[in-house]
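Peer 1: Knowing the structure of chain E, use the given hints to seat chain S on it.
Taken in order, these protein sequences are the chains called E and S.
Throughout the first sequence, residue numbering follows my numbering, covering 1 to 499 in sequence.
Throughout the second sequence, residue numbering follows my numbering, covering 1 to 356 in sequence.
There's no promise every hint is true.
[What the hints assert, rightly or not] Taking lysine-lysine pairs in the DSSO-like style, the calculated list, with each CA pair at most 27 Å apart, reads: (1) K5(S) with K347(E); (2) K42(S) with K347(E); (3) K358(E) with K219(S); (4) K307(E) with K242(S); (5) K178(E) with K195(E); (6) K378(E) with K234(S); (7) K358(E) with K245(S); (8) K358(E) with K244(S); (9) K83(S) with K8(S); (10) K394(E) with K83(S).
No lab work stands behind these hints: they were computed from the structure.
Residues per chain are reported as follows:
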Amino acid sequence: MRTNLKISNVTKIYPGCIANKNVSLEFESGKIYALLGENGAGKSTLVKILSGVIMPDEGQIFLNNKALKLNSPIDAKKNNIGMVFQHFNLFETLSVFENLIIDSNETRENLRKKIKSIMEKYNFSIDLDIPVLNLSAGQKQKVEIIRCLIRSPEVLIMDEPTSVLTEQETIELFSSLKKFSEEGILIIYITHKLKEVMSLCDEVAVMRKGELVSISKIIDEKIETLANKMVGQNLKTIKKKKLSKVSSDQLIKITNLNFKSEDPFETNLEEINFTVNRGECLGIAGISGNGQSELFQVLSGEIISDKKSIEFNKNFIGDKNPQERREYLMAFSPEDRLEQAAVPQMKIFENVALNNFKSSNFFKNGLINENKIKQHAKKIISDFNVNTNNIELKSQFLSGGNLQKLIIGRELITSPDLLICFNPTWGLDVGAINYIHETLIKINEQNKSIILISTDTDELLKLSDKISVIYKGKLSKKMNADEVTSEKLGILMGGGEFD
Amino acid sequence: MNLIKIIKRDQPSRTIFFLTPVLAIFLTLVAGGLIFYILGFKPFEALKFFFIVPIADMYGFSELLLKATPLCLIAIGLSFCFKSNNWNIGAEGQLTFGAIVSGGVALLFYNQEGFYILPIVILAGAIGGMLYASIPAILKTYFNTNEILVSLMLVYVSKLILDYLVVGPWSNPEGFNFPETRQFSDSARLPLLAEGLRIHAGIFLALAAVVISWFIFYKTYLGFQMKVSGFSLKTAKYAGYKGKKMIILVFLISGACAGLAGVGEITGPIGQLHREVSPDYGFTAIIVAFLGRLNPVGIIFASLVVAITYLGAETAQIFMQIPKYTGQVFQGMILFFLLASDYLLFFKIKFIGSKK
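Chain E with its partners taken away, still in its complex shape (with noise of 0.2 Å):
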């Protein structure tokens, strides 16, 4: 029997998001699905629907023309739903045997067999007496697809499989995929990765802000032509009008900058070059998690490296801390404002003295000089049309807008010659957006420079001068923005290659 899956007319909305608006999908068993978007594009969300985690508001889901409602995850399991994350919900230090017993109801003798069964089947080989905490990236994730298995699934589901593969790994799983698929498994395959779409799946459906944009077989597809469905096409017109004068001066230069971390969800950057002139605007576009955040904690002086990896204004700074660097006239706006930019519980003028440059006298002999805090505090608020005139009122209370107004000005009071910032506009309103936008182009009017992390493909094309695209730690060349388009930042984005 086939197994035919159907997705109607589900929307579900986020306070200020709508996270799917009316989508509308069939899937049938003996194809590989695609399922591609950018960050936000609505895949997780709908993902999430199908396995039960959260809820749509409006749509219903079928199974076999059964309509099915899908409470919680045992919802989804118990319908034959199979769902591998992108994080795995291993516990590190039971055994591999134990991590799949927990939600089983079956005896061990039994249980074992069955593992066993599976495992000569496709393969796999796994010693289920080991801690877990043992496994590969690339095991793990066996584990959690036996676990699936056990229950001789319908529908698997693997959410961004390949983040923590390496190529072997990549190849083997996919040879497993294609088996279940011959078995009669239908498999959805939730990807940003535009080669393993082309290399794998049989059908692609593109979402891009919510929405299904399209429904295709592979076959009719190129990677440009996906790329472009995937980022939107109509991006040319609001390029940022060429500033006739960037210098030739070079303000940065970062040479064989590596990065090597022990977390398997970061990501490593390797050999990473680049160089920003005076007033330049640097774009780094890719998706997120491919080492943006790593690649700013570097920059930022959160994480230190080599001393000559770092070149600013012909000082040798990587191992410079923030505040170090701050005296060098740099500044940061970092991607989370209310983790790590600001603290939402203390008050606004206190937010201000977490930029504590020297000249700024905020602390005097070790004590708080508050009078001159608040005076900063007070100017900041003024010159960058932060909505408020208490500056007593904890930081928490401003909205995303105003408390990003907040941590702009507050680095830009030192009038820095370099401010890198990541996801600017990241949840705000167009506003809000707007101002900062201009904000940033202002600052490269008076030959400041920047570099600016970003997932937002619309925001980085109107702002930047130059262009990377950093994909798996490594950095793209710089491209001059006006001779890039979306489709070739698409390619770039999923790991292509053109000429």
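Peer 2: Same frame as chain E, now just chain S:
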């Protein structure tokens, strides 16, 4: 039929923040009364024996201050750690080690008198506590170990060292093999505040710690950095604070306070080293620190409240034949109810009329 609805607060309530400790104490009294009732006592009478009789006279009140002194001092030190996201729970060990070092120094002068002796003894205690606190701090900063485990385990190590010293090399040669050292000379003892009472000058150390810590917390760059680190280590890193230095510093301060509390015990009421230098003041002070909301003034009140449980337990043992460990039950209940009522910081409970 939803009679009660729980709603998430937009922001933690400031009033509730200071009210929950009071609520926790109230609930502890109710639950304590219930326990007494189950044990066959009249609840109100038992609570009176526990909380009022012990401090009804001057001597009782001075004993209260005596017990509150080490609790306050240690809790002040701990709040440096807790405020900055460092979980030092080994104050008991730091106290013990401080007592060992200062006791050792005091023994060197056992047959001498002189004004210089006491300052040296006090200083030795602070240094001993700092040395002992530096172990979890250094292991945390350089080897990424968990400070909770290390500081806790070291408590037992210090108690064993003390045990070894008082039965072995340091035991009183004229002491008939009792596990205790010689008596310290008078010059090594903290002066008493009044004749006939045990309360000693250590209370001034505690009060000084309150004032100094208040100043550091709210008026200095160090206090600001601790506050930021307490809210978010990511922000502290981004601001460029020297995290390792701060970890070591707060552990040293906390160790010094615990060490001083140890000095207060052995040079105050005890006057020599023996096996039991502290009835778990170092652990109880954790409760005091949180009951006082890590606020120096709050800690004064909290240390007084918790000190009553020590006295009450003794009175109850004498008059009601209840084991004195009831005191620990009360301390446990205070912490339990405090943590439970912290729920109200983030959620409010709304009563709605019954729906038929």
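Peer 1: Would you mind marking each hint as holding or not holding in the structure?
Peer 2: Hint check:
1. Distance restraint check for K5(S) and K347(E): the Cα-Cα separation of roughly 31 Å exceeds the 27 Å cut-off, and the hinted pair is therefore not satisfied.
2. Annotation: proposed proximity of K42(S) to K347(E) is violated, straight-line Cα distance about 50 Å (limit 27 Å).
3. Distance check on the hinted pair: K358(E) and K219(S) sit about 18 Å apart at the alpha-carbon level, within 27 Å; holds.
4. Of the supplied pair hints, the one linking K307(E) and K242(S) holds, its CA atoms being roughly 18 Å apart against a limit of 27 Å.
5. For the given pair, K178(E) sits about 16 Å from K195(E) by alpha-carbon distance, which is consistent with the 27 Å threshold.
6. Using a Cα cut-off of 27 Å, the hinted pair K378(E) and K234(S) holds, with the two alpha carbons roughly 26 Å apart.
7. Using a Cα cut-off of 27 Å, the hinted pair K358(E) and K245(S) holds, with the two alpha carbons roughly 20 Å apart.
8. In summary, the hint linking K358(E) to K244(S) is supported, as the alpha carbons are separated by about 21 Å, within the 27 Å threshold.
9. For the hint pairing K83(S) with K8(S), the CA-to-CA distance comes to about 25 Å; that is within 27 Å, so the pair holds.
10. For the suggested pair K394(E) and K83(S), the alpha carbons sit about 19 Å apart, so the restraint of at most 27 Å is met.
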